[in-house]
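We have chain S; now place chain B onto it with these hints.
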Amino acid sequence: DAGVIQSPRHEVTEMGQEVTLRCKPISGHNSLFWYRQTMMRGLELLIYFNNNVPIDDSGMPEDRFSAKMPNASFSTLKIQPSEPRDSAVYFCASSFSGGAETGELFFGEGSRLTVL
Amino acid sequence: AQSVTQLGSHVSVSEGALVLLRCNYSSSVPPYLFWYVQYPNQGLQLLLKYTTGATLVKGINGFEAEFKKSETSFHLTKPSAHMSDAAEYFCAVTRKGKLIFGQGTELSVKP
Numbered sequence: 004d005a006g007v008i009q010s011p012r013h014e015v016t017e018m019g020q021e022v023t024l025r026c027k028p029i030s031g032h033n034s035l036f037w038y039r040q041t042m043m044r045g046l047e048l049l050i051y052f053n054n055n056v057p058i059d060d061s062g063m064p065e066d067r068f069s070a071k072m073p074n075a076s077f078s079t080l081k082i083q084p085s086e087p088r089d090s091a092v093y094f095c096a097s098s099f100s101g102g103a104e105t106g107e108l109f110f111g112e113g114s115r116l117t118v119l
Numbered sequence: 053a054q055s056v057t058q059l060g061s062h063v064s065v066s067e068g069a070l071v072l073l074r075c076n077y078s079s080s081v082p083p084y085l086f087w088y089v090q091y092p093n094q095g096l097q098l099l100l101k102y103t104t105g106a107t108l109v110k111g112i113n114g115f116e117a118e119f120k121k122s123e124t125s126f127h128l129t130k131p132s133a134h135m136s137d138a139a140e141y142f143c144a145v146t147r148k149g150k151l152i153f154g155q156g157t158e159l160s161v162k163p
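In order, the protein sequences belong to chains S and B.
Oh and the first sequence: position 99 is 102 in the working numbering, straight run, nothing missing.
Oh and the second sequence: position 48 is 100 in the working numbering, straight run, nothing missing.
These are computed hints drawn from the structure, not numbers from a lab.
Possibly wrong hints are sitting among the right ones.
[As the list claims (entries may be wrong)] In silico BS3-like pairs for lysine-lysine, Cα to Cα no more than 25 Å straight-line:
no., chain 1, residue 1, chain 2, residue 2
1, B, Lys162, B, Lys120
2, S, Lys27, B, Lys162
3, S, Lys71, B, Lys148
4, B, Lys110, B, Lys121
5, S, Lys71, S, Lys81
6, B, Lys121, B, Lys162
7, B, Lys148, B, Lys162
8, B, Lys101, B, Lys120
9, B, Lys150, B, Lys101
10, B, Lys101, S, Lys81
11, B, Lys150, S, Lys71
12, S, Lys81, S, Lys27
Model, not experiment: these values are computed from the prediction.
Pulled out of the complex, with its shape left as it was, chain S reads as follows (with noise of 0.2 Å):
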């Protein structure tokens, strides 16, 4: 069975960029995460979705940022313009119906930022 799928694996790009990351929760799952990790900042919650609808954006550090879910397969984040503190690793994360509250979240290997 194919598990969540995040593209690009790696993106480096100049300041000022936009920035697209993908992903495709697993087939069923109802529940999309995208986290940040730093270093400095360790595993950020940016956002989540329940049925395509966002719940929680709290964590979206700014207006640069957006992320949609156009439907149950797919979801993007965007960053624009990029800066060079953007630079982490972004995971999305998949999970059945009733959100984190099962803990059983299915991550993918992660998209690798670097802006320059």
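Okay, now just chain B, sitting in the frame of chain S:
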């Protein structure tokens, strides 16, 4: 608000030795607690979880954790470390439908 604190950002043990990774939680209500593992260049995987019931929880790869309400702890243990256990381990708690992670503990295993 629920949160977790992991004591020690880096733990080093010898192969065959006991593994003990510490996690304390802060919660006003009985929490759901979790341990996740992250191998290099990979996403996180669920090791084990505590929701209700038995306080000693067994997970994959020989790991287990004990929920101790009196100590607000949920430490992760394994009797005998293996080289393949080298990874980063995260304690986590749920809060308002979200999974909140601790800062992580990197486990090194020496031959």
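Hint by hint, here is what the structure shows:
For the hint linking Lys162(B) to Lys120(B), the alpha-carbon distance of about 30 Å lies beyond 25 Å, and the restraint is violated. Of the pairs offered as hints, the one joining Lys27(S) and Lys162(B) is violated, with about 38 Å between alpha carbons and a cut-off of 25 Å exceeded. For a cut-off of 25 Å, the pair hint linking Lys71(S) to Lys148(B) stands: about 21 Å separates their Cα positions. With a C-alpha separation of about 17 Å, the suggested pair Lys110(B) and Lys121(B) falls inside the 25 Å cut-off, and the hint holds.
Taken as a hint, the Lys71(S) and Lys81(S) pair is honoured in the structure, with Cα atoms around 9 Å apart against an allowance of 25 Å. Distance restraint check for Lys121(B) and Lys162(B): the Cα-Cα separation of roughly 33 Å exceeds the 25 Å cut-off, and the hinted pair is therefore not satisfied. Simply put, Lys148(B) and Lys162(B) have alpha-carbon atoms about 40 Å apart, too far for the 25 Å limit, and the pair is violated. Under the criterion of a C-alpha separation no larger than 25 Å, the hint pairing Lys101(B) with Lys120(B) is consistent with the structure, at around 14 Å.
As the CA atoms of Lys150(B) and Lys101(B) are separated by approximately 15 Å, the hinted pair is consistent with the 25 Å bound. Taking the CA atoms of Lys101(B) and Lys81(S), the gap is about 32 Å. The hint is violated against a cut of 25 Å. Among the hinted pairs, Lys150(B) with Lys71(S) is consistent with the structure: their alpha-carbon atoms are about 18 Å apart, no more than 25 Å. Proximity of Lys81(S) to Lys27(S) is assessed by CA-CA distance (about 15 Å); at most 25 Å being required, the pair is judged to hold.
Hints 1, 2, 6, 7, 10 from the earlier list are contradicted by this structure; the remaining hints agree with it.
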